[in-house]
Every structure is written in C-alpha cells, then in structure tokens.
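With the UniProt record's numbering, the residue at position 17 of the sequence shown is 17, and numbering never jumps.
Do not rely on the hints blindly, as some may be mistaken.
The calculated lysine-lysine pairs, modelled on DSSO-like cross-linking and capped at a C-alpha distance of 30 Å, are [unchecked claim]:
1. 90 to 26
2. 166 to 150
3. 61 to 174
4. 85 to 47
Simulated from the structure, these hints should not be mistaken for lab results.
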Amino acid sequence: LKIIVCPLSYCPLYILIRATSSPLYKSKSAYYDILEVSPTATHSQIKTAYYKQSFIYHPDKNAGSEEAASMFSQISEAYSVLGNKALRRKYDRGILSQADLQGSSRPTSRESPASGQQSGTRHSPSVGATQQNIFDFDAFIRSHYGEQLKREQEIRQRREEIIRKKKELVEDMKLGRLKEIASLVHYYYLSEKKTSIVYKINVCHLKVN
Numbered sequence: 001l002k003i004i005v006c007p008l009s010y011c012p013l014y015i016l017i018r019a020t021s022s023p024l025y026k027s028k029s030a031y032y033d034i035l036e037v038s039p040t041a042t043h044s045q046i047k048t049a050y051y052k053q054s055f056i057y058h059p060d061k062n063a064g065s066e067e068a069a070s071m072f073s074q075i076s077e078a079y080s081v082l083g084n085k086a087l088r089r090k091y092d093r094g095i096l097s098q099a100d101l102q103g104s105s106r107p108t109s110r111e112s113p114a115s116g117q118q119s120g121t122r123h124s125p126s127v128g129a130t131q132q133n134i135f136d137f138d139a140f141i142r143s144h145y146g147e148q149l150k151r152e153q154e155i156r157q158r159r160e161e162i163i164r165k166k167k168e169l170v171e172d173m174k175l176g177r178l179k180e181i182a183s184l185v186h187y188y189y190l191s192e193k194k195t196s197i198v199y200k201i202n203v204c205h206l207k208v209n
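Throw the hints in and build the complete structure from the sequences for me.
Here it is in structure tokens:
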C-alpha cells in the first residue's frame with residue numbers, strides 16, 4: 001500500500017490510501033485505516049465512522065474532485081467488508097478473496113446509512129463508489145445533512161463570486177493604470193512636439209531679424 005498525503009480545500013490534510021501492487025482486501029489493516037478505526041472497533045463504531053467518512057467525501061459535497069471520489073470508493077468498499085460480520089471475520093483472518101467481495105451483498109438496510117428504519121432487505125452486491133452505492137447513500141445524506149450541504153454550497157458559490165470580482169477589479173485597475181500611462185505619454189509627446197515647434201519658430205524669427 002502507498003499512503004499519499006493530499007491537501008484539500010475543504011480539509012487541511014487527509015490520508016488517501018491507494019492500492020498499488022495488491023488490492024485493499026489483501027492488506028491486514030487497509031479497511032480499518034480508511035475508516036479510521038482500530039481492528040478492535042465495534043460494529044457500531046465502524047458504522048459511525050462510515051457515516052462520518054462518507055459524509056466528508058461524498059460526491060455531492062466534492063463535485064469534480066477525483067481525490068474525494070477515489071476516497072469515497074474506498075470508504076464504500078471498506079464498509080462493505082467491515083460492516084458485514086462474516087466478511088470481517090474472513091478479512092481479519094487474512095482469507096478474504098475477490099470472490100467474497102463480488103459475491104457479497106452490502107450490509108442489510110437496517111445497518112446501512114441509507115436505510116432509514118427498514119430492515120431485512122439486502123442491497124445488491126457492490127464494491128467501491130458504484131452508481132448504486134452513491135444513489136443508496138443519497139437518501140441518508142439528504143435527510144441528515146441536506147441543509148448543511150446547501151449552506152456549504154451557497155458559501156462556496158459566494159466565495160467563488162468574491163474571487164471572480166476581485167480578479168475583475170484587479171484587471172480593471174491594471175487596464176486603468178495602462179490608460180493613465182498612455183495618456184501621460186501622449187501628453188508628454190504633445191508637449192515635446194509643441195516645444196519643438198515653438199523653438200523652430202523662434203529660430204526662424206531670429207534668422208529673419
């Protein structure tokens with residue numbers, strides 16, 4: 001595994017764990033590291049960590065960010081394993097396989113953030129930030145953090161508008177300064193030209209006299 005520290009505008013630093021030579025499920029601690037929990041964490045702690053990390057890196061909150069999309073995919077994969085007791089046992093024993101991931105369902109809707117109060121329903125198999133994963137999670141995000149997301153989006157838009165206006169102001173000031181300099185140059189040019197003409201007239205007048 002390779003650990004890359006990436007600065008983001010919405011978070012001072014975060015640790016992005018990416019698989020290089022081997023997939024995440026072959027690492028002894030990758031899934032725990034992604035959710036930022038210890039291997040002894042309870043199911044409730046894992047679920048809470050999933051809520052927290054998914055909210056931070058959810059695509060709705062980080063539109064256009066490849067880093068956030070990658071992290072959200074890893075968070076979803078980590079929870080699909082650690083949120084499933086059978087898969088977690090296999091993972092902890094080091095015998096989890098790709099077939100287990102592909103053939104597993106996500107935790108029951110009772111355990112999933114997008115579930116509300118339903119129970120007994122299984123989600124379709126998925127690993128990473130698939131479209132199904134994202135849409136399933138939308139219900140939880142919008143019901144719990146909809147207003148906060150809206151406020152953050154408005155703040156982001158206002159910040160972008162302020163930055164745009166500042167840039168326009170700087171450009172206008174530069175343009176105004178250039179015009180001022182051009183006017184001064186033109187003024188001095190005309191002054192020098194006028195002085196030269198007056199000088200020539202005086203010289204001619206002296207010669208005539």
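Quick rundown of the hints versus the structure:
1. 90 to 26: Holds, at roughly 11 Å.
2. 166 to 150: holds (24 Å)
3. 61 to 174: violated (36 Å)
4. 85 to 47: holds (12 Å)
In this structure, the one hint that does not hold is number 3.
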